[in-house]
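J.: Read off the chains here:
There are 2 protein chains.
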Amino acid sequence: MARPKSFDRENPGSLYDTFDDKHGLFLESVTLYRRTVVARRLEKLDEPGPARDRIAAFFEDVIRFSLGEGRLLGCLMTNSAIELAPRDRDTALAVAANFAEVESAFRKVLRRAQVAGEIAADRPVEDLARYLTSGLQGLRVMAKAQQDEAALRSVVRLMLATLD
Amino acid sequence: MARPKSFDRENPGSLYDTFDDKHGLFLESVTLYRRTVVARRLEKLDEPGPARDRIAAFFEDVIRFSLGEGRLLGCLMTNSAIELAPRDRDTALAVAANFAEVESAFRKVLRRAQVAGEIAADRPVEDLARYLTSGLQGLRVMAKAQQDEAALRSVVRLMLATLD
DNA sequence: TCCATATTTGAGCGATCGTTCAAAAATCCG
DNA sequence: CGGATTTTTGAACGATCGCTCAAATATGGA
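So the protein sequences, as listed, match chains X and H.
Each residue of the first sequence is one higher than the last, beginning at 1 in the numbering used here.
Each residue of the second sequence is one higher than the last, beginning at 1 in the numbering used here.
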C-alpha cells in the first residue's frame, strides 16, 4: 500500500494512535469512501427528470470517470472486492454492504420509473437492480483493460434495453 | 505475491535464470493461464447443442467455479485487470487480448445461434458479445462479495434475456 | 515561572521483499 | 578415471514493510 513519507517516516506513531493498525486505517478509509464518493454518486439517481435518463446519466458518469480521472485508481469498492474481500472478512462485509446500497438505490429509481409508467409494472425490480449493480462492476473491469468509450457505451445501451 | 519457500529461499537463482525477473515470471503465468484455463473454458461455448444453452451453461459453470473452487482466487484475468493493468502496460495488453478473445468466442457462438434461428438475424452480434464479456466480469466481482448463487443466477437470466 | 502532563518526533526493530552470486555438487567429455 | 563445464545451492544484499517507543517538544495548570 502506498504510504506518503510524512505518515510513516516522519510520524508513524500518530497514525497508530488514531487507528489501531494498517487494517483499521484501511477500513476507516472504506467507510469514508462510501459516505462521500459512493453516496455522492448514488444521489445522482435521485435527481429529477425521467428515471430512465437518470440511470443512463449515471452510467455515462461512470464511463467518463473510468476513462478520465479514475483511470489509474478505479473504484475502491470494486478493487476491494477483487483484491481483499476473499481473504478479509471485514472488507467482505463492507463491500457486500456497499453493493447492497447500490442495489437499493437502483431499486428506488426503478420503482420511480414504474410509477411514472416508464418501465412496465410487472418487471422484477429486485432482479433488475442486482443486474444493474453487476453490470456496473463489469464496466469497471472492462474500462481497466480497454479505454474504448464507444465500446463501453454500447454495453450500457444493451444493459438499459433490459429495462424495457 | 505469494512465493513457495522452495523458489526463493532454497533456490531463487534458477527462477531468475529461466525468467528475467518477477515481472517476466508473472507474464509467463498469464500466458499459460490463457492457454489452459481460459482456452478450456471458451471451448465449452463450441460444444454441440443449442447455442443459447451453451452460453447459459458457460455462465452456470462460471458461477459454480466462483462460489466453489475459485472462491478465494477468482479469475486471474479479472484480478490482473483490476490490480495491475492500469499501471503495467504488459499486463494491460495481455488482459485486453484476453478479453478480445472471450468476445470473439461469444461472437462465434452468437453467429451460430443466428444461423440456427435461435437469435434474430438483425441482433448486433459484436455489441452482444462485448456485453456478455462485460457481464461476465461483473459476475466475477459480485461473486467475491456475496456468495448468493440464486442472486448470481438471476443476473445471468436477465443477461440472457438480452439475446432475445 | 515551574513542574506535570500530553503530544510530536523520527530512529530503529524484526520481517519480508526482489534479486545476486560465490561456492558446492552434479554432469559431461576425453 | 580427471578435469572442465554446467547446474544447484542457499547465504546474503539493500530496500521496504508494518509497527514501536524513548526522547524531544509543546502545552496546561498552580
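No lab work stands behind these hints, which were simulated from the structure alone.
Please read all numbers here as calculations on a predicted model, not as lab measurements.
It cannot be assumed that every hint is accurate.
To be verified - Covered stretches of chain X, going by a simulated chain H footprint (3 or more residues, C-beta under 8 Å): (1) 17–23; (2) 35–46; (3) 83–96; (4) 134–142.
What the hints assert, rightly or not - Pairwise CB distance ranges (calculated): (5) H/Arg41 - X/Asp164: 38 to 46 Å; (6) H/Arg153 - X/Leu73: 27 to 35 Å; (7) X/Glu69 - H/Glu126: 40 to 48 Å; (8) H/Arg35 - X/Asp164: 38 to 46 Å; (9) X/Gly24 - H/Asp21: 47 to 55 Å; (10) H/Lys108 - X/Asp8: 29 to 37 Å; (11) X/Glu126 - H/Asp8: 25 to 33 Å; (12) X/Gln114 - H/Arg153: 20 to 28 Å; (13) X/Ser14 - H/Asp127: 48 to 56 Å.
Said to hold, decoys possible - Here are some of the chain H residues that sit facing chain X, going by a computed Cβ distance under 7 Å: (14) His23; (15) Gly24; (16) Gly68; (17) Leu76; (18) Ile82; (19) Asp88; (20) Leu93; (21) Val95; (22) Ala97; (23) Phe99; (24) Ser134; (25) Met142; (26) Glu149; (27) Ala151; (28) Leu158.
Don't be surprised by glycine CBs; every beta carbon is placed ideally from N, CA and C.
J.: Next step is simple, just say for each hint if it's right about the structure.
T.: Evaluated hints:
| no. | hint | result |
| --- | --- | --- |
| 1 | 17–23 | violated (count 0) |
| 2 | 35–46 | violated (count 0) |
| 3 | 83–96 | holds (count 7) |
| 4 | 134–142 | holds (count 9) |
| 5 | H/Arg41 - X/Asp164: 38 to 46 Å | violated (31 Å) |
| 6 | H/Arg153 - X/Leu73: 27 to 35 Å | holds (32 Å) |
| 7 | X/Glu69 - H/Glu126: 40 to 48 Å | violated (29 Å) |
| 8 | H/Arg35 - X/Asp164: 38 to 46 Å | holds (40 Å) |
| 9 | X/Gly24 - H/Asp21: 47 to 55 Å | violated (34 Å) |
| 10 | H/Lys108 - X/Asp8: 29 to 37 Å | violated (52 Å) |
| 11 | X/Glu126 - H/Asp8: 25 to 33 Å | violated (49 Å) |
| 12 | X/Gln114 - H/Arg153: 20 to 28 Å | holds (23 Å) |
| 13 | X/Ser14 - H/Asp127: 48 to 56 Å | holds (52 Å) |
| 14 | His23 | violated (18 Å) |
| 15 | Gly24 | violated (21 Å) |
| 16 | Gly68 | violated (13 Å) |
| 17 | Leu76 | violated (11 Å) |
| 18 | Ile82 | holds (5 Å) |
| 19 | Asp88 | violated (11 Å) |
| 20 | Leu93 | violated (9 Å) |
| 21 | Val95 | holds (4 Å) |
| 22 | Ala97 | violated (9 Å) |
| 23 | Phe99 | holds (5 Å) |
| 24 | Ser134 | holds (4 Å) |
| 25 | Met142 | holds (5 Å) |
| 26 | Glu149 | violated (13 Å) |
| 27 | Ala151 | holds (6 Å) |
| 28 | Leu158 | holds (4 Å) |
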